[in-house]
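If you use the numbering used here, the sequence shown corresponds to residues 234 to 567, in order.
Worth flagging that the hints you see were computed from the coordinates, not collected in a lab. Cβ coordinates follow ideal geometry from the N, Cα and C atoms, glycine included. Since no wrong hints were added, every one of them can be taken at face value.
Taking lysine-lysine pairs in the DSSO-like style, the calculated list, with each CA pair at most 27 angstroms apart, reads:
#1 K560 to K400
#2 K400 to K536
#3 K536 to K560
Across the chosen pairs, the derived CB separations fall in these ranges:
#4 R372 to V554: 45 to 53 angstroms
#5 N309 to R532: 48 to 56 angstroms
#6 S533 to S553: 25 to 33 angstroms
#7 P342 to G389: 34 to 42 angstroms
#8 A430 to T330: 25 to 33 angstroms
#9 D485 to A252: 26 to 34 angstroms
#10 R497 to A252: 18 to 26 angstroms
#11 R372 to R318: 32 to 40 angstroms
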Amino acid sequence: MDTAAATGYLQDRSLSLSAEEFELLCESVLTESLPPARFSVTAFRQDGGIDIDGNVRNSLLDISLGVQVKQYSPTNTVGSPEIQRFQGALSDTGCDTGTVITTSSFTDPAIESAQRAGIHLVNGRSLFHSMVDLRVGVRRKAERFEPDDTFWNLFGAPEDDGSIPSKQIPLANSFETLDSVLETIGNTRGTNADIVANADVSSRHADLYAVAGWALGFVHQEWPDDETHRQRRWSLTRVGARYVAYRTAGIDEEAEGLLIDAIRDTEIIARLARTLRESGSISHGTLIERIESESELSRSSAKRRGSSVGVWLARLPEVSVENGREKTYFWQEP
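Make the full structure from the sequences, and use the hints.
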């Protein structure tokens, strides 16, 4: 593909994403374009509000940014009323400056409103050209570009049929550590080094707990595992940002509800819960056998992950645990 074909390809792929996936894509582009900055999707979606917030902080600057994204078809332009509502949202949240990103374009009145308010506008042409320049979603091959399928494969929910990939089986049994890692991801650029420095965990546990957050749907992995020219980063999804916001504010009942729903939706837990509901109880040994049979893990790996899976299963209010000769999980009808 030449540059024109690459931008057309990026437009098509961007429009095929869900609304939240497009926000995560824009967050990735922003973070890649401003290495000192931190960007993350906001916890709550509000009409006319902030979709992504960011901060550029160094020895000379400390600027807060609010970003709104508009995933519009090319013929659906952004008008001045949307810019005015966004200006109000910036004022309400105390942001120093703001940017509106769209896959389409802006009307002349919208451009005039943005200029008066000091709001930066990024139309689809600029967005997709930036993605080409930054190699986001495409790769350079000789003098041409090719799709970066591994990058796009990071979007979307994990597969929920067949053998469960090992990445979806948690090896993270402390929810306190998970909360600390998630909060760190939300407050930093989300690299392994950021997590190690701020969450007081080893490099190995930084990865394990970030992957656990991904399995819960709280975290998005921004770059493929096989990338060599970029440092892998993690960012919070909207539900992950909401979970962290509730925990930080001490609204534990709401946070726990999000966590329980996320655990239930984790494929290995969903399969174990079905078995437990049908049989009434299962031993820890049976749990390990099910992990081995339902996943790509070996017996020894299934045993290592069995403790974490058991902790996640026991977090469900409909499950109780008895620690006798062998730990046993019981199903309790609500």
